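Residue numbers 16 to 188, in the numbering used here, belong to the letters of the sequence shown in order.
It is possible that some hints are incorrect.
[Stated by the list, open to error] The following label-pair restraints were derived from C-beta to C-beta distances: (1) HIS153 x SER35: 40 to 50 Å; (2) ARG132 x ALA24: 39 to 49 Å; (3) HIS153 x GLY124: 14 to 24 Å; (4) GLU121 x HIS34: 35 to 45 Å; (5) ALA187 x GLY124: 23 to 33 Å; (6) GLY154 x PRO72: 38 to 48 Å.
Since the hints were derived computationally from the structure, they do not count as laboratory data.
From a predicted model like this one, the values you see are computed outputs, not experimental measurements.
Here a beta-carbon is modelled for each residue, glycine too, at the ideal position from N, C-alpha and C.
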Amino acid sequence: MSIPPAGFATHGEAVEYVHSAAEAGLDHLVTADHVAFHGGRGRDGLMTVSWLAGLHPTIGVYVGVYLLALRHPVAVARQVSTLAEQAPGRLTFGVGVGGEDRHEMEVVGVDPATRGRRTDEALDVLRPLLAGETVDHHGEFYEAPDVSVLPAPSRPVPITVGGRSNAAVERAG
């Protein structure tokens with residue numbers, strides 16, 4: 016079940032929504048991710064699923080899709096690892112390159128033409144960090160010298176890739 020684009024009017028409305036979804040037998044809540052979509056709208060996907068996971072003890076949460084190219088992968092690994100510790104086995108982390116609003120990328124200093132390469136490189140850093148490995152990465156877009164993110168998630172966090180291109184299929188592995 017997707018979170019309404021406009022969000023919730025009250026905290027109580029959100030609690031009711033989440034519990035109703037779980038009682039209906041749904042296993043995941045899905046939210047999008049945006050930094051400044053079409054004039055500034057949107058919510059941070061990881062912050063939103065962290066909040067939603069805290070509203071119910073068992074329902075899964077799914078970011079679909081997180082604009083990974085707009086963030087540093089070490090910081091994202093820390094956020095994902097923390098959420099995975101707080102809600103073990105309940106997070107599915109979907110990533111994508113975006114592209115519907117090129118200005119959203121420009122406002123954080125990302126050239127929209129590089130978003131695919133940035134996402135690929137960020138995944139090269141993120142995946143081993145979430146597996147508990149130490150990374151020593153010096154890339155085109157990101158520096159991650161001799162870094163670990165511990166504790167690593169006790170259960171693997173599924174990472175999905177969204178997109179409408181052959182590159183997205185390749186990115187998914």
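- [ ] Just tell me: holds or violated, for the beta carbon distance of ARG132 and ALA24 against 39 to 49 Å?
- [x] 40 Å, holds
Open item on the list: Just to be sure I understand the hint, the distance between the Cβ atoms of HIS153 and GLY124 should be within 14 to 24 Å; is that true here?
Closed with: At roughly 19 Å between Cβ atoms, GLY124 and HIS153 fall inside 14 to 24 Å, so the hint holds.
Open item on the list: Holds or violated: the 38 to 48 Å window for the beta-carbon distance between GLY154 and PRO72?
Closed with: 39 Å, holds
- [ ] Determine whether the Cβ-Cβ distance between HIS153 and SER35 falls within the hinted range of 40 to 50 Å.
- [x] 48 Å, holds
Open item on the list: Holds or violated: the 35 to 45 Å window for the beta-carbon distance between GLU121 and HIS34?
Closed with: 40 Å Cβ-Cβ, so the 35 to 45 Å window holds.
Task: GLY124 and ALA187 - C-beta distance against the hinted 23 to 33 Å - done: 27 Å, holds
When each numbered hint is compared with the structure, no violation occurs for any of them.
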